[in-house]
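Engineer: Given next are the chains, with one letter for each unit.
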Amino acid sequence: MNRQQMLSQVEDIIRHTLKQPDVCIFEQTTASDIPGWDSLSHMTVMVAIEAHFNMKFSFMEMISMSDIGSLLDTISSKQ
Amino acid sequence: MSLVSVLYLIFLGMVLLVYYALPQKARPYLLLLSSWAFYAINQGYYLFVLLLSISINYLLCRGWAKHGNRAWVAVSILFNLALLSFFKYLPAIFGFTSLPDGSLLQQIAIPIGLSFFSFQAMGYMLDLHWSGKRQVASMAQYSLFMSFFPQLLAGPIARGKSFIPQVSKASCFNYADMVSGSRRILWGLFKKVVIASNLSPYTDVVFQNYNDHQGITIALAAIAYFIQIYMDFSAYSDIAIGSARLFGYRLMENFRVPLSAKSVTDFWRRWHISLSSWVRDYLFLPLQYQTRAWGKAGLTTATMITFLVIGVWHGANWTLVIFGVLHGIASTWESHSKELRAKLWQSLPKRIGNVLSNLIVFLFIAASAILLRSASIGEAIAIISRIAGSSPLYLGSKQLLVFAISGMLLVFGIDTFKGDIPIDEYIGKQPKALRWALYICLIIALPLIGSLSSENFIYYQY
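Here the protein sequences come in this chain order: A and B. Using the numbering used here, you'd call the opening residue of the first sequence number 1 and step up by one each time. Using the numbering used here, you'd call the opening residue of the second sequence number 1 and step up by one each time.
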């Protein structure tokens, strides 16, 4: 899977989990750019991504992700 | 030495003069010595507790950096919790506070600022551990991070990663910082002296004699007390942030127009931000991570424990536990009913929906503030139950009330226009004539309509 496909799949997960069908994400997008992505919904998004890509994030990985680009880096490193 | 005393302004002015007269390398050491002197003036021999906390926490950080073993982190957390328990919780649990006056155990008081600097120490250690970097600040930098006098007594709770780089960065005299800091201090003094202190006699009379009042008077006193706490604590934060700015340091914003919150969760993102973001990062997120497989039950567990800790952080009293639980329930309900609430608000015109949600949150917080004020659950229930009764409206000194309301009109009016921008920045963007008109109004108002019923701040007790 190339990075663009991964980005597209993460976008679908975020749209579905946060119920924001119109949201568009880019490598530089951060949680604060996306309506509804706050500390309460953060883990829901992460769990959905883990389930989709069949992997587990460590706590350190989860808190050190600063934007979608670093999220994609972490997913890539686990595949 | 309260932050609203003339003595503090003299102390601040003297430290500032010497600070900029010294070579840049010596400045952090002056700040450190001044901070310890400030704490000794305020707390006497409890300076020993601060120094003990700094020394042990620093040694534990060094130990972690050398060995990289989690045990150092665990010991650090346990040490800080033990220190907090010894001074804050054990005396209440074992009833030392109700012993006869003068007895040794009764004299164990809480060192002011203990909750704040202990949380800073735990946050610093956890940041070290989670970052994986084996680099610890120098002893002087770490000591100043733990002792910096503007924030030492009641926050904002600083983070090492934003504070310590400022210590090592050369602090040159900056005119803009001086203007901005002075504006912030003036604004804080106005909120404390004109609003909080003018409301204090009214809330004191009503809550101390709650058996004499019912209905609208109790409801009004609860609202007045909530506004008093807000003005009192945000005034302290303004003076702390402003004082730090004079030395070229930037502290975390502690309030972001909390009265504009449209949900309890939103309120906690705007109120005492340095504490709410601390518990979010170091407690809520790790708990949520551990319980993520439980779905909604995991979110509920993490939320409830987090708010329980926020409640208990305020002190060892069942009223504070109930305060935390109530806010936890409200926040949990909000996170589980997002869609339902969105539909409900969408069915109303937007402006009405906004005002209504704002009003509901305001009344909930004002009602729960009764718990912060009450000495026991029995007293809180007695006060709340009297809201249902009716008695003539008691307003106390109408003059003080008018002074407080005129202050509130100015502060809330400016809050409405400025939005989330810090007040000093907002004032700085206004035309020169308007800025100076505001300064003159504030300076005249302080002695004219201000009062100083208490130099202390409510949050000193926490």
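Just so you know, these hints were derived from the structure itself, not from any lab. One should not assume that every hint holds.
Lysine to any residue pairs mimicking SDA-like chemistry, simulated, CA-CA at most 20 Å apart [claimed, not checked]:
id, chain 1, residue 1, chain 2, residue 2
1, B, Lys296, A, Met65
2, B, Lys343, B, Leu326
3, B, Lys133, A, Glu61
4, A, Lys19, B, Glu339
5, B, Lys161, B, Lys296
6, B, Lys296, B, Lys350
7, B, Lys343, A, Trp37
8, B, Lys350, A, His52
9, B, Lys338, B, Met304
10, B, Lys432, B, Ile77
11, A, Lys19, B, Leu326
12, B, Lys338, B, Val321
13, B, Lys161, A, Met55
14, B, Lys133, A, Lys19
Engineer: Is it true that the CA of Lys161 (chain B) sits at most 20 Å from the CA of Met55 (chain A)?
Structural biologist: violated (31 Å)
Engineer: Sort out whether Val321 (chain B) lies within 20 Å of Lys338 (chain B), counting only the CA atoms.
Structural biologist: violated (26 Å)
Engineer: Is Lys133 (chain B) close enough to Lys19 (chain A), meaning Cα to Cα at most 20 Å?
Structural biologist: violated (38 Å)
Engineer: Do the alpha carbons of Lys19 (chain A) and Glu339 (chain B) lie within 20 Å of each other, as the hint requires?
Structural biologist: holds (9 Å)
Engineer: For Lys19 (chain A) and Leu326 (chain B), compute the direct alpha-carbon distance and say whether it is at most 20 Å.
Structural biologist: Given pair Lys19 (chain A), Leu326 (chain B) is violated - Cα atoms ~28 Å apart, limit 20 Å.
Engineer: Going straight from one Cα to the other, do Lys338 (chain B) and Met304 (chain B) come out at no more than 20 Å?
Structural biologist: Since the Cα atoms of Lys338 (chain B) and Met304 (chain B) sit roughly 18 Å apart, the hinted pair holds (cutoff 20 Å).
Engineer: Is it true that the CA of Lys133 (chain B) sits at most 20 Å from the CA of Glu61 (chain A)?
Structural biologist: The hint holds at about 14 Å.
Engineer: Has the given pair, Lys432 (chain B) with Ile77 (chain B), been kept, meaning a C-alpha gap of at most 20 Å?
Structural biologist: violated (50 Å)
Engineer: Verify the proposed pairing of Lys343 (chain B) with Trp37 (chain A), using a straight-line Cα cut of 20 Å.
Structural biologist: Roughly 19 Å separates the two Cα atoms, so the pair holds.
Engineer: For a C-alpha distance cap of 20 Å, please report whether Lys296 (chain B) and Lys350 (chain B) respect it.
Structural biologist: violated (29 Å)
Engineer: Take the C-alpha atoms of Lys296 (chain B) and Met65 (chain A), compute the straight-line distance between them, and say whether it is at most 20 Å.
Structural biologist: violated (23 Å)
Engineer: For Lys350 (chain B) and His52 (chain A), compute the direct alpha-carbon distance and say whether it is at most 20 Å.
Structural biologist: violated (37 Å)
Taken one by one, the earlier hints fail for this structure at numbers 1, 2, 5, 6, 8, 10, 11, 12, 13, 14, listed in ascending order.
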